[in-house]
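Engineer: Using the hints provided, position chains B and C relative to the given structure of chain A.
Chains as they are written, first to last, in the working numbering: chain A, 1 to 905; chain B, 1 to 288; chain C, 1 to 210.
These are computed hints drawn from the structure, not numbers from a lab.
It is possible that part of the hints are untrue.
[Stated by the list, open to error] Over 12 Å on every C-beta distance to chain C, these chain A residues come out as not near it, computed from the model:
(1) LYS38
(2) GLU57
(3) GLU104
(4) ASP121
(5) LYS212
(6) ILE244
(7) SER287
(8) THR555
(9) LYS572
(10) ARG595
(11) ARG748
(12) GLU823
[Unchecked claim] Now the stretches of chain C that chain B is said to cover, found in silico as 3 or more residues with beta-carbon under 8 Å:
(13) 5 to 17
(14) 53 to 64
(15) 70 to 77
Every residue gets a Cβ at the ideal spot worked out from N, C-alpha and C, and that includes glycine.
Next come the chains, spelled out residue by residue.
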Amino acid sequence: MGIAVIGGGVAGITAALDLADSGYKVHLIEKNAELGGKMEELAECQMGLSPYIAKVENHPNIDLMLSSELERLSGTAGDFKLSVSGNEVGVESVVLAPGYDIPEVAKSYGFGSPDVVVSLDFEGILKAATVSETGELVRPSDGKPVKRLGFIKCVGSRCQENEICSTACCAYTAKEAWEVKERYPDIEIYIFYMDIRVFGKDEELVAELKDKYGVKYIRSRVPEVIPEGGALTVKFENLEKGTIEKLDLDMVVLAVGLLPSKTMSKLAEITGVKADKYGYIETSLTSPLETSVPGILACGTATAPMKVRESVAQASGAALKAAGLSQRTEPIPGQEEHKFIEIGDELKTGVFICGCEGEIANSIDIPAVAERISELKDVAYVNSETNTLQEAMDAIESGIVDQGLTRIVFAGQSPRECEDIVRDACAVAGLNPYLLELVNLREQCAWVQDPKDATEAAADMLKMAVERAKYLEEIPVERYPVIPKALVIGGGISGMNAALGIADAGYEVHLVDKGAELGGGLRESTELQSGEKAADILKELVGKVTANERINVYTNVKEEEIEGRAGSFKAKIVAEGAEDAEIEFGACVIATGARRDFVPEGYFGYGKEKNVTTVSEFVKMLAGKLDANTIALIQDAPGEGVTARYSSIEVVDSALKAKEKNPDANVFVLYQDIKTYGKWEVLYKDAREKGVIFLRYDKEKPPKYEDGIVSVYDVIFNDEIQIKPDLVVLSTPAMPAEANERLSEIFRIPLKNGFFMEKPERPKMVLTPVDTVNEGVFICGSAVYPAMIDECLAMSSAAASRACVLLAKDFLETPAMTSVVDEEICAGCGVCEAICPVEAIELTEELVPVVTFGVTTVVGGTKKVAKVGDGCIGCGSCASYCPSSAMSLKNFRDRQVYAQLDYAV
Amino acid sequence: MSVNKLAYYPGCPSEGTAMEQHMSTEAVFEKLGVELVEVEDWNCCGAAEVEDPKLLYALNARNLAIAEKEDLDIVTPCSICYYNLERSNKALKADEALRTQLKGIDSSLDYNGKIKTKHVLDVFVNDIGLDEISSKLEKKVNVKVAPYYGCYIGRPPETAFDDPDNPVLMDKLIELIGGEIVPFNYMKTVCCGGPLMMTRGDIAFDMARKILDVAKNAGADCISLACPLCGMMLDGKQADIEKALGVTIGLPVIYITQLLGLALGIEPNKLGLNKNAVDTKEILGKVV
Amino acid sequence: MPIKTWELDPNFKNEIMSEAGGEHLASCFQCSTCTLGCPITEIIPSYNPRKIIQMSLLGMREEVLSNPDLWVCLICQTCTARCPQDVRIADVLGVLRRIAEREEEAGNLKIDSPRPLFDKAFQHQLKKFGRLYDMGLAMEYYPKKEGSFIKGMLAMMKDYKDFGKRMFLKGKMGPLGGGSPVKGMLASKIKQKDVMKKIFEELGEGGKEK
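In isolation and in its complexed conformation, chain A is listed as follows (with noise of 0.2 Å):
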């Protein structure tokens, strides 16, 4: 059996890779002929998306079912039965990942002018003027620089036809803002909004816009681009004079909304889960994955508009959930020993060059190339025959099985795509896989260089490698066994959703609190934004928790000594009334959550004034009876910490319900920026229809609270307006957990503001937003950012899904490609020490034996040596500082590049 995804964009890339990684059958269904989705269309997006891609496409217990379409589904979890395009396919669990679409746009935003487009045409047009022969950004109307850009934002969002916010618009504006400004710096860059909704990381983008590279975000929804005498006009209010300008512009994007996607109500018929008023698959803030249909899980746009970071998030969670309804058939990738062939001094290269579909063909004479290799005196064998990549890992094989060739060429795509797949097929024929040299064909030649000279560089480029293939050197592999048990460290929602999901695929978790009892920060809540009750919730997930067995809970922990690596970490646990516990694990969850006890004493009047509070005390106040009848709500109030992503919904969400419990209530809100993004637009639209008032002001003019009125300059209204309330609540921001800082260093992952940052991608996207830099550990929940429960929970259920990829596999290999020290050269200097990132480098002492007429004999004296442990990353810092050459990177040998250079000049 197995698991059927739908949908072949980056959630359901995500999905598939995380659950055939782990040993289960995938059938990955997508209706158009190539996987990607949206993303294929965003230029960094494909870049970063293609490795994923490649694997996809190669992966064993992949099933890929292209330009297919689910045309019917019967049977319940467990057992379901498919109609693929006329292929009958069972499986045991669903995943739905179908994606998006984007509005119509009203014919008044350019009246047809070529030069308003859509974000996703524009990321096009900017991709291909960086290519182009001027390099300049120019209009699709004339071919004339661009010298004025607008973007307007909100287009087909927030608005009747699509009601919710798009939440991914606000910060690929700012994305694309940035990159038009970093390569066209004098292009000027006009921003149209109503609510900048980005945080973290996005937040800071935006700052940075506005100051550093004079970007203007202008506070105005605006209506119409008119075209007129070679430019495109929009008006705007100029707020502060209280007036409406005119602005000429030479082009507008248009940051169009996120719709679901057009095969949504197709799919929800013939699945039969239930989809929500705005069309999207229904799910709840407490259950985010799970669809109205047991067995059937959906994840990314297709269950509410979010970014890429959120969708792989719930991608990854919902793969652990399907994985948990479904038995694990398939065998784990790459776990596999292989033996070697002894290959001795004998020097027989291979060089296999692919047409990768036509893309190098197609500007390179690869049959030219393949001759002129044939020629060279050391290349025993060339192969110029395959066309995708499979065809030439074929080839490989057998070339290595029939011919016996100890040096292998491959030049085809980036090494981002192909590497991995190419060293296994090394491995698979029998040839240590280091003996392996890849030349970048497609990207660093086929795609960049002119024509005419790209088969003489092709040339080139493997003469170069088929030189260095010569002094490859092969480098053991080794493993080591993985210890099939977790940590997750915190017990709030997010840890214990993590340790259940870790547990429920049949692994042992030690879960880990700094209290005295499970729950966290849900601890303080009373009553979600669901009208859920957190008691109740919390009351099922701890007993879940406590009553499973494989879960072992340590609360009042003090500390953790963890040492080790992926796969295979100790720990002691240092527990308050409890014995020391020594404990191993392969996988680590990070959970620990944020704290929102920041206490605002000293703003306005906050300790001092018995009626200023905070929105979490507020919230509590509203359980009871609520005898203010002015009530002003400031949200972010300034204070110590970041701002969550719930602060917004939060303020709004206490002011409506203040509403509902007082009508007559008069009910304020301050603030900068509403940000009820996704969904959330509608408890917006409910408080302002309920009568709640809503006055925007600055952050350099903040509101104050004095003699018993606040006073706020609001912005829009352009007036002071002043307040008499009975009560003041402050929405303050929100801190890191304490331990965090502890545990950064222990596991080497660094924090921004206090809290963890992922494994940072190139191109900058974010496609594992829960993995680290440590390969054993991975963060979630409001460790990472402080955020909504269902966001918590989609992101701990990733966590889970790719601490179980990892446990998945018995054995992990040792990292070869790392530094090696030559102790003889060793002055013990201590420079490598100095520098080495991970700490993976000790000086240590050592007797110097001393060599007297054939005898040996240890003379007094001792010497300092590096050593490199286990940790090294293979970064090569070291190798390049080392003054005495003593240090070097394996398979980066001084004699390797050298041989390589001096081919090239």
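Structural biologist: For chains B and C alone, coordinates are given in the frame of chain A:
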């Protein structure tokens, strides 16, 4: 062709300032083989001056009820009349209590919500159809036209029958009869200022002038339109605007029914082309 | 001067929302769509329906109802068509105009615009004849607007001398208009004038329902 008989609501200006629209509408429908039955003893729709919704619904209920007795859908050449008839029709269809209340005022307001209300443009393009019209064309109207739609064709959304920003029904007819559309996109639906003519003539003149200017600068031989109030502003008052603002415009303004009538080979005087305030002779010269 | 919310009328928004057309007032999120698309702002740059709505929500009843800007709205519906929150601004302004007229009627307010006079004259003609009678309307409106019959006639002459001549020459107005010498001068009346009277007596301003 899905229509052969309609109730006809001419609207108040049909008897005076927009009689050429009235004349051309009757002539064109006759030529197209659609019988128009004037709503017997029709009353004013309330125009822009009756703002109270219920009062407006009552005024229109009477007209709708008269047509309903004949079992005919109503067509009108006036955009404001259309807006008022259509929104009343919608409200009355949806609200039984309202129907009962109005019936209580007078039995002549007893409307059961059984008919449709239509604008002539909608009937031409969507009911009669371009193919049918095309088969009856006798002449080519070889003019450059700025198609001006005004307010109530594309908005408000619940009564609109064309795109709010870039309506196209009139464009289609003009192209069909051999005319050329000049670039006029964003002015197509900007208000002519008519509703302020009596109370803030200064504003109204400014607004109408802008439309005339843009059309003229775009190279139009004439403006085409489908609303008598727009006609009054752009055509009837054009000379006053020229005088008040010290400009020369001299741009013919012609109802779409008149242009269509010319293409159907109808005698210009029968279409009231001698009644437009700005002389239309030049346009007539381009009908071949 | 700061706006003191405790001196305002927080019930004003409910008053507006209880009238036909004003129901969606509170949905407004102050995005400026209405103001930026409004053709009036091209001519009167200070005209700002967005602000009128926020003033209404805050309860600035007097300022809103006495604001002459209420009377330059064209009811062209551009704002209503584009409003992302379905506030139906054109209708909301209609509600405000009706409330203002009632307040003026009650002697609480002086409206700084002749438009209510025009609308009333129009409705009066309708009530009398069932159809619009241009000449009758002008004869009723101008004297009221100018404060005396003579001044009104002079103003009418000024506005309509050329236009009337033009229409006369085209046979649209005057003795030769309307197809017959008599029809052109007199009101076009419907037969069931009594129905019009009943409608206005029931639903018109100052009618039974009001």
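Engineer: Now look at each hint and say whether the structure bears it out.
Structural biologist: Each hint, compared with the structure:
1. With 12 Å as the threshold on Cβ separation, the claim that A:LYS38 sits away from chain C holds: the shortest Cβ distance comes to roughly 24 Å.
2. Residue placement check: A:GLU57 keeps its beta carbon more than 12 Å from all beta carbons of chain C (closest about 43 Å).
3. Chain C leaves A:GLU104 outside its interface by the beta-carbon criterion, the shortest separation being 15 Å against a cut-off of 12 Å.
4. Interface exclusion of A:ASP121 from chain C stands, the closest Cβ pair being 23 Å apart, more than 12 Å.
5. Taking the minimum C-beta to C-beta distance to chain C, about 27 Å, the non-interface status of A:LYS212 holds against the 12 Å cut.
6. Here A:ILE244 does not stay apart from chain C, with its beta-carbon only about 5 Å from theirs, under the 12 Å limit.
7. For A:SER287, the non-interface assignment is confirmed: its Cβ lies about 31 Å from the closest Cβ of chain C, beyond the 12 Å cut-off.
8. Once the 12 Å rule is applied to beta carbons, A:THR555 is consistent with being away from chain C; the minimum gap is 46 Å.
9. At the 12 Å boundary, the C-beta of A:LYS572 stays outside the reach of chain C, the nearest C-beta of that chain being 55 Å off.
10. Chain C leaves A:ARG595 outside its interface by the beta-carbon criterion, the shortest separation being 32 Å against a cut-off of 12 Å.
11. Look at A:ARG748: its CB is around 46 Å from the nearest CB on chain C, clear of 12 Å, so calling it non-interface holds up.
12. A cut-off of 12 Å between C-beta atoms confirms that A:GLU823 is not in contact with chain C; the least separation is 70 Å.
13. Under a criterion of three residues with beta carbons nearer than 8 Å to beta carbons of chain B, the stated coverage of the region 5 to 17 of chain C fails, only 0 such residues being counted.
14. Under the rule that three or more residues need a Cβ within less than 8 Å of chain B, the assignment of the region 53 to 64 of chain C is violated, with 0 such residues.
15. Restraint check on the region 70 to 77 of chain C versus chain B: 6 residues with Cβ-Cβ distances below 8 Å, three needed, restraint holds.
Of the numbered hints given earlier, the model fails hints 6, 13 and 14; all others are met.
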